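K.L.:
Residues per chain, in single letters:
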Amino acid sequence: MTPLKAIFIFGILAAALISVVGGLSYEVDAMCFYHCSSVSLERRSLNNYYQSAQRILSHPEAEQIIVGSSRGQTMPTHYFDEHFGLKTLNLSVEGAELVTKAALIIMALQKAPIKRVIWLADYFELIPSGLNSKLINCPALMAKVPDEMKSLINKQRTNLIESLLDHNNFEATITYLNKKPPIGDDWGSGSGLDAKECANAGYHGGVTEAVLEKKVDIMYENYTQEILRPPQSEAAEELFKKEMSELVAKGLEVAVVIAPYQPRFMRQLKAEFPDIYNKHEQWAHRLEALTGPHLQVINGWNGIPNGDSTPRSWNDGVHYTCQSAIALINQIKR
Amino acid sequence: MLFNSYVFIFVFLPITLLGYYGIASKKLQLWFLFFASLFFYFYWSKTFVFLLLFTVILDFYLARIISAAEEPRKRKALVTISIASNLTVLGFFKYYNFFVGSVNDSAGFFGHAAVLPHLDIILPIGVSFYTFQSMSYVIDVYRRTSSAHGRLLEFASYVTLFPHQISGPLVRHNVIVPQLENPQTYFFHAENFWEGINFFILGLAKKMLIADRLSPPVTAIVHNMSVVSNFEAILGLLGYTFQLYFDFSGYSDMAVGLGKMMNIQFPQNFNSPYKSRSITEFWKRWHITLSSWLRDYLYISLGGNRFGAWKTYRNLLLTMAIGGLWHGANWVYMIWGIYHGVLLAVERLFKDRGWRGIASAQIRYVTTFIAICVGWAFFRSPDLATAVLWIKKCFFLDGHMTWQVMDIAPKYRDRFFVALGVAVILGFFAPNTFEMKHRPSWQRASLLAILLLVSLLYMNEESPFLYFQF
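Protein chains in written order, with my numbering: chain A, 1 to 334; chain B, 1001 to 1470.
These are computed hints drawn from the structure, not numbers from a lab.
Careful, some of the hints might be misleading.
If you anchor each label on the Cβ, the simulated ranges turn out as follows [stated by the list, open to error]: (1) A:E94 with B:F1098: 35 to 45 Å; (2) B:E1281 with A:S19: 41 to 51 Å; (3) B:F1188 with A:E237: 57 to 67 Å; (4) A:A271 with B:V1424: 31 to 41 Å; (5) A:S70 with B:V1405: 47 to 57 Å; (6) A:S19 with B:G1421: 29 to 39 Å; (7) B:T1088 with A:D147: 45 to 55 Å; (8) A:E94 with B:V1011: 31 to 41 Å.
Simulated crosslink set (DSSO-like; lysine-lysine; CA at most 27 Å straight-line) [stated by the list, open to error]: (9) B:K1351 with B:K1284; (10) A:K215 with B:K1411; (11) B:K1392 with A:K215.
According to the in silico footprint, chain A covers these stretches of chain B (three or more CB under 8 Å from chain A) [said to hold, decoys possible]: (12) 1183-1193; (13) 1216-1224; (14) 1441-1447.
Remember, predicted model here, so these are calculated numbers, not experimental data.
Idealized CB from N, CA, C, for every residue including glycine.
Can you build the whole structure from these sequences, using the hints too?
P.N.:
Now the structure itself:
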């Protein structure tokens, strides 16, 4: 074969393969990036942000919502149903920050008679670079983002043509074709937890002491080297404050909950990254200062009530157990 | 703009190649190539492109004057100006804060306040490479081992040529400029172009599918060195050993491939270095263009092996220490360089005395590899303490023998082990890209198309080449 012919065959094959993979990713749209103009219960998607939005449509009777990141995924919602006497829907989803939380709240307020919003605040939620592509590439979710918050997003939007050739998207396509993902129809993360066991004094948690120690180290590394490194955005903080006052103005009860990290994580952070620690503390104080009628701020930065550093209270360095979740949320006035 | 980016592969490269071969006149083709290379640099920094041009113009005219000058003192003064200006640029941008940190630390040790201010300096990308390339040209003209080039355009195109501009190979003017002057270079040559595609895609796959799959666990292990298990420390060291090789040799292959697509031949930069049976052999196989540069312009300038055995050992040590520091402004690089210098000197001593050392080729092969890995622990660690702990953990000298694998996140784990397995097989047993036969066939074309596709799938996580920081 001549080199020219080989070049030609290579060119044709490369173009064909790229087109097939890109075309398949586009057509299947496993992550709801290309064909999802609105949230619907008909659509199956591997995008867990989209699934979280579907939960709102599945539960128009919800009266109380919890918005948070992965740290909010151990909320035993059925316990809160009884504790507050309000049907509780947990919309917490990994990596959720200000914009995602605001978009999910808007949708929930449109679809359900919401009386209370429990906002699980994270330091990183005011770092715009942490915005997730599952939100910013999904038109159905982007349609719910308040206009003033779009300024935090514009520069980060992934090129959708490039995402057609992204291995995550392609792997999602293959997974989707193998097994259709479920529609988000449960009461959210934590709804499957045994509320009684979580509240039990003899609760031991889900990991051993040794595993917890290791997981604290891993999370500490991850958080101090990446997640907590970038500065918070002042503009994002202003938008957060505005969001709070708008929710109160709509007649809602709002509770903002600031959770600490695992005690050893906290000690290490204070000793090794005093700058990050101090910024956390200052941020918690600024949030506390927002306390007012119908807006309660639970500043748990100094520790979880009756919590300790063991697997009873912590799954790793930043994720608390369902027992700690109850202890934190129980501080909210009924 | 990275070679492993959509904008390079789908926009810059096609436009450059179309322009290069689409223009009829040789002179205009060269101008086009020069401006494409400037744009490539300009895309990264609008300011530092002028620093690059300043270096090129200064050295071109200094070399011209040196070439014409007869008086030794004048020639020496001019070459000194060139070396001083290049080293000033390199020294200021790369080593100023390191110097300041060291001075201030020393002052602090003696109870004094900081002496010099720390500056926010951005390191111009590729500065270590283009200053060395440009400076070596002036030295060659000074030594009369080369005559001065007649035209600035050819010389400027050589220094700025985009395939090697940022991270090498450290090519010599007398290899590239004659090719740029040859009219045959500017005609499309299908065989070279085909080879170029082979080199480029194999290099891209090395980077995207091996080096970048090894990278996240290695980073996590290095950051968590105090708590990782002994087994993780070993995996981290092996992972980094192969990550660095596949990252840098991948980049070099891509550069060679890009050159070939334009009928410009670059020298081989890696020749299966982990197949070495001694450190001396390793340095003939690893980053060949840098080690030959250090030999020709530093080791020989220091006296080489002309003044007896002990001065030879001293020169080896000094050359490697400076070569180590060339990689970055951190003591760990210098320690890595000294470590290799000591090993080279010891091997030289054995050779000089006629001592046989280890007879078994297999054992030499293994011990050389282990010695290289130990060196990489210094090279990768942020500080000396981490490097020492890493080595202790790898050799079970930390009082533990732990085997759990928890610091490698599950999402990276499978790919890490697959990439490491493939890397070990390719690094130890497979022919390297230069040894391969790139015969045109539909099977080969299909394999390349698949490799390109899979590499593209990982391009959203594009990461800079490790040698960019140097």
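K.L.:
State for each hint whether it applies.
P.N.:
Checked hints:
no., hint, verdict
1, A:E94 with B:F1098: 35 to 45 Å, "holds, 40 Å"
2, B:E1281 with A:S19: 41 to 51 Å, "holds, 47 Å"
3, B:F1188 with A:E237: 57 to 67 Å, "holds, 58 Å"
4, A:A271 with B:V1424: 31 to 41 Å, "holds, 40 Å"
5, A:S70 with B:V1405: 47 to 57 Å, "violated, 23 Å"
6, A:S19 with B:G1421: 29 to 39 Å, "holds, 32 Å"
7, B:T1088 with A:D147: 45 to 55 Å, "holds, 52 Å"
8, A:E94 with B:V1011: 31 to 41 Å, "holds, 34 Å"
9, B:K1351 with B:K1284, "holds, 16 Å"
10, A:K215 with B:K1411, "holds, 15 Å"
11, B:K1392 with A:K215, "holds, 23 Å"
12, 1183-1193, "holds (count 3)"
13, 1216-1224, "holds (count 3)"
14, 1441-1447, "holds (count 5)"
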